[in-house]
Every structure is written in structure tokens, then in C-alpha cells.
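Chains as they are written, first to last, in the working numbering: chain A, 1 to 289; chain B, 1 to 465.
Simulated from the structure, these hints should not be mistaken for lab results.
You may find that some hints are simply not true.
Said to hold, decoys possible - So the derived label-pair ranges between C-beta atoms look like this:
{"#": "1", "chain 1": "B", "residue 1": "Leu-282", "chain 2": "A", "residue 2": "Thr-61", "range": "51 to 61 Å"}
{"#": "2", "chain 1": "B", "residue 1": "His-241", "chain 2": "A", "residue 2": "Glu-111", "range": "22 to 32 Å"}
{"#": "3", "chain 1": "B", "residue 1": "Ile-243", "chain 2": "A", "residue 2": "Lys-158", "range": "50 to 60 Å"}
{"#": "4", "chain 1": "A", "residue 1": "Thr-61", "chain 2": "B", "residue 2": "Arg-245", "range": "26 to 36 Å"}
{"#": "5", "chain 1": "A", "residue 1": "Glu-159", "chain 2": "B", "residue 2": "Glu-403", "range": "38 to 48 Å"}
What the hints assert, rightly or not - Which chain A residues stay away from chain B? Per the calculated CB distances, all over 12 Å, these:
{"#": "6", "residue": "Glu-16"}
{"#": "7", "residue": "Glu-44"}
{"#": "8", "residue": "Asn-68"}
{"#": "9", "residue": "Ser-121"}
{"#": "10", "residue": "Gln-132"}
{"#": "11", "residue": "Lys-152"}
{"#": "12", "residue": "Asp-209"}
{"#": "13", "residue": "Glu-232"}
{"#": "14", "residue": "Met-245"}
{"#": "15", "residue": "Asp-270"}
{"#": "16", "residue": "Leu-285"}
If you're wondering where the values come from, they're calculated on a predicted model, not measured in any experiment.
Each residue gets a CB set at the ideal place from its N, CA and C atoms; glycine is no exception.
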Amino acid sequence: MCARKASANVVAKAVEPALPAEEAAARAYAHDRDLTSHHFSLDEHPIVRIEHLNKTFDGHTQVLRDVNLDVWPGEVVVVLGPSGSGKSTMLRCINLLETPTAGHILLKDKELTGLSASELSKLRQDIGMVFQGFNLFPHLTAKENVMIGQTKVLKKSKEEAEAEAIKQLTDVGLADRADFKPAQLSGGQQQRVAIARAVAMHPDVMLFDEPTSALDPELVRGVLDVMRDLAENSGMTMIVVTHEMGFAREVADRVVFMEGGVVVEQGKPDDVFDHPQNERTAAFLGNIE
Amino acid sequence: MARLLAAFAVALACVAGMGVAFAAPTEAFALSTNKATARPNEDGGDGVIGGIETRLTWEGTVGGDEEVSSVTLELADGGNFDGSTTRVTVLDGLTRIDIDSEVSTDGNLLKVKFADPIPANSLLRIVVEGMTFPAAGGEQVVSGSYETSGGESHALDDSNAIDTISNTPLQQAVAWLDANPAVQAWNSNRFLGMFLKPQLILTSLSSLFPGWVLCLGIVCAAYPFAILLGLAFSLMKLSRHKIVRAIAITYINLLRGTPLFLQIYIAFFGLPMVGINISNNLLGICVMAINSSAYLAEIFRAGIQSIPQGQYEAAASIGMSRMQTMFSIILPQTVRRVIPTVTSDFITSYKDTSLLSSVGVMELMMFAKNATSVSGNITPYVTAAIFYLIITLPLIKVVGIIERRIERSERGAGPRPVAGQDAGSATDELEAAGASHAEAIERTGLGAGTLEPAFAEEGGVADVR
């Protein structure tokens with residue numbers, strides 16, 4: 001019953017076109033102004049727009065229900081929530097690793113939803129992604145992992161790509177591991193290579209899907225340090241799904257709390273952590289601590 | 001069988017020779033040489049090999065005006081009568097004459113001395129068992145001399161030339177085996193002599209060799225095509241287009257669902273009937289390639305599907321197209337995974353070339369079949385088995401090694417860099433130390449990338465060392 005109603009809902013939403021850029025930007029500005037510690041101006045547009053995003057698996061399991069979120073250039077958004085809250089699915093919908101059932105994803109006011117596979121792969125290079133399971137290419141060395149996107153997608157020369165790879169690996173502290181294969185690296189090192197691989201494409205936004213969840217506690221710090229450096233020194237726009245509360249509080253401009261496929265609460269980290277408005281947020285944060 | 005035929009031919013020739021001798025009584029006035037023949041002594045063949053014992057049959061007719069008291073046969077240098085046994089037959093007309101004779105040998109000379117001179121016009125046949133021709137081979141002529149009862153000595157006409165084969169080390173070895181009492185004892189055992197006759201193992205190793213080369217040639221020529229075809233059909237089977245997929249599935253299922261033997265028959269008997277004539281070997285290569293490609297397609301498909309989804313996602317996330325992902329990311333990893341299975345399939349294909357013998361391709365089984373029917377002994381089949389095993393056993397070993405290596409690297413126990421080995425930071429040391437633990441977490445399925453660090457790269461390990 002419920003499922004049928006939900007999918008009827010979905011169809012209705014799918015028909016609605018995305019908002020015009022100016023209108024969306026103005027609306028987002030008004031909405032987000034007090035929810036983030038990131039500074040942005042009225043004439044800026046959100047870099048990522050998620051509008052009325054719905055995702056249903058197997059035709060009946062609804063994972064995301066009408067999610068709306070705008071991310072501003074240079075903003076660090078940390079998405080929190082219990083397992084199964086749909087936060088990873090939302091992240092994977094942004095670069096269309098999951099196809100939204102309904103709704104719109106826009107990158108720099110350009111709609112990604114409904115694009116052909118080839119158009120999509122062109123735009124995906126502007127969205128870096130770091131996976132929970134690293135997903136390094138095991139047959140390539142750390143350096144080659146960072147190089148392959150540049151040579152194959154950006155069509156850079158081998159020399160250019162190599163120089164860039166060495167620079168990125170140096171930034172994540174792994175210059176001396178450049179010629180190691182992933183299997184010879186620890187999980188933390190692998191994840192740092194994966195970050196270097198994504199950053200080397202100079203994306204407009206980086207998505208982090210629980211980047212430290214598969215790591216031993218003592219390996220987490222190195223990865224978080226790299227992410228913090230990326231946020232603070234490179235001004236990278238980041239959307240981070242994580243369970244690292246410390247990182248969220250210190251680095252995030254905005255914390256988004258999701259549960260049951262909806263955004264329950266969002267705001268500046270201190271506001272959300274110290275004065276959660278929603279009782280489910282409070283319960284979740286209470287459990288974590 | 002061939003030997004029997006040869007012997008029969010010799011006998012016929014003798015009879016014919018005699019017939020000629022009797023039909024047209026020669027007006028010769030000397031002992032004339034009719035014919036000299038030698039018994040084939042090639043194992044599994046009908047050649048006369050020098051340096052190995054054989055039987056020489058020499059025939060001559062005594063002239064009409066003389067009686068012969070002794071005959072000396074002479075071979076070229078290197079020929080040897082020593083140790084031979086000689087049977088002398090004298091026929092006068094159709095009656096056999098009993099005359100005692102004394103035979104003496106001296107290297108390449110054999111002298112038959114008659115107690116009483118043999119009469120004019122009689123036919124003399126000397127059969128020397130256990131003589132040898134020169135090891136060098138070539139055309140051999142029996143010459144010599146004779147003495148008449150009057151004490152005159154005359155030279156004998158040269159006989160017809162006997163074609164002999166030079167004695168190779170192989171034939172010498174066979175001769176040595178023939179004479180070896182241990183080998184004789186071995187061969188006297190019914191089973192050993194039938195299945196593992198040393199002489200035949202030796203000779204068939206050489207006579208089956210061209211067949212083995214053809215077997216290898218066929219499978220090695222077929223396999224690259226099989227791999228390309230198999231790859232194409234595996235990708236087709238994974239295609240998003242229903243029709244492309246259906247074509248691949250039909251191709252694969254038809255070929256995997258019918259025996260290779262049947263496919264060979266259809267190709268070899270069917271194609272000529274519609275006017276397509278391809279040489280046997282080439283057609284054999286085609287059939288083997290097409291048959292293997294179906295199996296390889298399934299192997300590749302399974303290999304491609306065993307690559308975790310995360311690899312596709314990671315490739316997509318850096319903007320790689322489907323084609324780029326397939327050829328730069330997925331296939332290189334697939335290759336490594338399917339090497340053991342593909343090697344096993346290669347072994348199967350190599351063995352299955354034997355089926356081509358049924359349609360007249362001169363491969364190993366064909367040669368073995370021939371050698372067996374010539375020798376009446378099963379040993380050539382055993383030799384063929386040796387030829388198959390020369391290739392298959394090492395490959396089976398290789399498959400085992402690769403499988404163990406993959407299994408080891410999937411367990412994540414591959415060699416790791418020594419912590420802090422080269423200017424590693426404190427964090428690196430810590431991480432390296434914690435690496436095995438992290439691995440354990442992944443193994444238990446907590447990590448999404450369980451499969452991804454699976455392939456410890458041997459090449460990379462070498463770099464570390």
C-alpha cells in the first residue's frame with residue numbers, strides 16, 4: 001500500500017522540471033544562509049543542487065524521499081545519520097552511480113539527470129569520489145592509479161600526468177610509495193592514494209563515502225588529516241558521509257542529519273551537536289557519544 | 001604387416017628370379033649373379049639399415065661349362081659377415097643337391113667352400129643371417145669371386161644395388177637394445193613387451209615427432225584466434241543489447257552443447273560437399289579455434305563478472321567511459337584471474353587435437369595408429385601419451401602454481417614493505433603495522449572492498465625487493 005503511494009508520488013515529482021538557476025540560487029541563499037558557517041554571497045550559485053531527489057530500489061524499497069540540498073562552492077558538508085538512512089545513496093546519486101528514481105541533480109546549474117552515458121562520463125570527471133572500500137585499481141601502482149584518469153580522460157601527456165601524480169601523492173604523504181601496488185599498502189595508505197587519484201582530476205566537488213569506515217582506528221587519523229588539509233588549504237567543495245563526529249565538528253561548515261531517507265536536520269556543526277532541534281538527531285548523537 | 005609384405009615380395013622376387021633362371025637357361029660361361037636382396041631391419045619400417053644385423057640373400061647361376069668349388073662374396077668396406085650363419089642351397093633343375101659346404105668369414109668377406117664342386121647350370125643360393133651392411137648406408141653391391149673345379153679364379157659380377165639407410169644413433173641404440181639381454185628379458189614379459197617395448201619407444205619417439213609438432217602447431221595457431229573470438233563473444237554476452245546477447249548465447253551454447261568430434265565431422269565432411277575445400281591442417285585449426293572460443297568466452301565472461309562493482313564505480317568516478325573502463329581497468333585484471341582456467345582449457349584443446357586423426361589430419365594420434373599397425377605393438381600409443389604429457393604435465397604444474405599464488409594474494413598474505421623501510425613517516429610505520437589488522441577487517445566483510453586488494457602484484461613485489 002505504502003509502496004504504491006510512494007511510487008505514485010515519485011512519478012508526479014519526475015514531471016516537475018528543475019528550477020531556473022537564478023530562482024534556485026536565491027531560494028538556496030535564503031535557506032542556507034544561517035545553516036552553514038561557510039561564507040558565500042548573494043551572487044554566487046550553489047555548485048551542487050539536489051532537488052526533490054527520490055530513490056526507490058527494486059520498485060518498492062524507498063531509500064530517499066524528496067531530498068533537497070544545495071552545496072556552495074568551497075563548502076564542506078558532512079552528512080551524518082544511522083546506517084540505512086540513505087546518506088550513501090544520496091551521495092552516489094550525485095554522480096549518478098545510482099540513477100535517481102525522480103528528482104534532479106545539477107552541477108554548476110547543469111542538469112546531470114537524464115544525460116546519456118557519454119555526456120555523463122564527461123561530467124563525472126568534475127565530481128571526485130572516494131569510496132569506503134578504496135577501490136584502487138589493483139593492477140596499477142599508486143602512481144599509475146593517480147595517472148590513469150589524467151591520461152585516459154583528460155588526455156594529458158604521460159610526463160604531465162606523472163608530475164601531477166607525484167605532486168598529489170606528495171600532498172597525501174605517499175611520495176615514497178608511488179611505485180607500490182595497492183596490495184602492498186595499508187588500508188590508510190590505499191585510501192590516501194584514492195584521495196590523490198580523485199584530487200588529481202581537479203574536480204569541482206569531492207564526494208567522500210564513509211572514507212574511514214573500513215580502516216583500523218589508528219589508520220583513520222592519517223586519512224582525516226589529508227581531508228582536513230584538502231578542506232582548509234585547497235578550499236575544495238566536499239560532501240562527506242562519515243561517522244567521525246570529531247571531524248564533522250572541526251572541519252564541517254554544515255552538518256546534515258539524515259534518517260529514513262529524509263534530511264531531518266541541518267545546520268552549523270556547533271548548533272547541531274550542542275543544540276539538536278530534532279529528537280532523532282539528539283538520540284543519534286547521544287548514542288554516538 | 002609391412003614387414004610381412006616385404007618378406008612376401010622378396011619371396012616372390014626369388015621365385016620370379018628362379019623362373020627367369022629356369023625359363024631361359026643362360027648361355028653364360030661363368031657363375032653369374034642373379035640377385036642380391038636384404039631383409040628389412042628397420043623397426044616399424046621397411047628399410048635396410050647399415051650397421052645393424054640383417055639377412056643377405058644372394059643368388060647366382062653356375063655357367064654351363066664349369067663347376068664351382070668355392071664362392072667368395074664381398075661387401076664394401078664396413079660390411080661385416082663375422083658371426084653370421086649361412087645357409088647354402090644348390091638346385092639343379094628342380095632338385096636340390098646335397099653338397100656339404102664349409103663357410104668361413106673374414107670381415108667383409110664370406111667364403112663358401114664346397115666339398116664337391118657344384119655342377120654346371122645349377123642355381124646357388126646363399127642366405128647369410130646376421131650379417132651387417134656398412135653403417136654409412138647408401139647403395140650396396142655384393143661382389144666377390146669364385147673358383148672353378150679346375151682351380152681357376154674369376155671375379156663375380158656385381159650384384160644389383162641394395163638400397164640401405166645409414167645407421168643413425170637411434171638405430172644403433174635400437175640395435176644395442178635388441179642385443180641387450182635385460183631388454184630381451186623385459187620384452188619377453190607379455191605386458192611389458194606389448195606396452196613398453198624399449199626399442200619401439202625409441203623409434204616411435206622419432207617417428208611420431210612430426211605428428212607432435214603438427215599437434216602443437218594446430219593448437220598454437222588456433223589459440224590466439226580462439227582467445228580473440230572468445231573475448232569478443234564474452235563481451236557480446238555481457239552486452240546491453242538483447243540481440244547481440246542472443247547471438248553470443250546461441251554461439252556459445254551450440255558449441256559447448258555438442259561434441260567437438262561432431263563439429264569436426266561436420267566441418268570436414270560438410271564443407272567439401274558444398275564446394276569449400278580448405279586444407280586439412282587449416283580446417284583443423286579453424287575448428288579447434290571456434291570450439292575453444294566458446295569455452296573461452298564463458299571463462300572470460302565469468303572473469304569479467306568476478307571483478308568487483310567498485311572497480312567500475314571508481315573508473316566511472318574519474319570520468320572514464322565504458323570502453324576505457326573495460327580495456328584499461330577490467331580486462332587487465334580479468335586476464336590475471338583467468339590465466340589458470342585458460343591454461344586448463346589450452347591443455348584440453350591440445351589433447352583434443354587427437355580427434356582430428358579421425359578425419360585424416362596427420363597429427364600425433366595418426367602417426368601412433370600407423371606405427372602400431374606396422375609393429376603390431378601398443379607401445380607407439382604409450383609413446384604418444386609421453387608426447388602429450390611433455391606439454392600437459394608442466395602446464396598442469398604451472399596452473400597449480402598460479403592458482404596458489406592467486407589464493408595467497410587473495411588472502412592478503414603477500415609480501416609487504418618493511419615498516420619504515422625507506423624514510424617512512426611515523427604514520428606510515430603505524431599504518432604498515434596496522435595493515436594486517438585492517439586486512440582482517442576487510443576479510444570479515446566489514447570493508448566493502450573485500451575483493452579489491454586481492455591481487456598482490458608479483459611485479460610490484462619484485463620492485464620492493
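Tested hints:
At roughly 57 Å, the beta-carbon separation of Leu-282 of chain B and Thr-61 of chain A lies within the given 51 to 61 Å, and the hint holds. Take His-241 of chain B and Glu-111 of chain A: their Cβ atoms lie about 27 Å apart, and the range 22 to 32 Å holds. Ile-243 of chain B and Lys-158 of chain A have their C-beta atoms about 40 Å apart, which leaves the hinted 50 to 60 Å range violated. Range check, Thr-61 of chain A to Arg-245 of chain B: Cβ separation about 28 Å, and the 26 to 36 Å hint holds.
For Glu-159 of chain A and Glu-403 of chain B, the hinted distance range of 38 to 48 Å is satisfied, since their beta carbons lie about 39 Å from each other. Against the 12 Å criterion, Glu-16 of chain A stays outside the reach of chain B, whose nearest CB is about 27 Å from its own CB. Residue placement check: Glu-44 of chain A keeps its beta carbon more than 12 Å from all beta carbons of chain B (closest about 25 Å). For Asn-68 of chain A, the requirement that its beta carbon stay farther than 12 Å from each beta carbon of chain B is met, with the minimum near 24 Å.
Look at Ser-121 of chain A: its CB is around 5 Å from the nearest CB on chain B, not clear of 12 Å, so calling it non-interface is violated. For Gln-132 of chain A, the shortest C-beta to C-beta distance to chain B comes to about 5 Å, within the 12 Å cut-off, and the non-interface label is violated. Not every C-beta of chain B lies more than 12 Å from that of Lys-152 of chain A, the closest at about 5 Å, which undercuts listing it as non-interface. For Asp-209 of chain A, the shortest C-beta to C-beta distance to chain B comes to about 9 Å, within the 12 Å cut-off, and the non-interface label is violated.
Every beta carbon of chain B lies more than 12 Å from that of Glu-232 of chain A, the smallest distance being close to 18 Å; the non-interface claim holds. Residue-level check passed: Met-245 of chain A sits 19 Å from the nearest beta carbon of chain B, beyond 12 Å. The Cβ of Asp-270 of chain A sits about 29 Å from the closest Cβ of chain B, beyond the 12 Å cut-off, so the non-interface label holds. With a closest Cβ-Cβ approach of about 23 Å to chain B, Leu-285 of chain A is found to remain outside the 12 Å limit, as its non-interface label requires.
Against the hints set out earlier in the document, violations occur for numbers 3, 9, 10, 11, 12.
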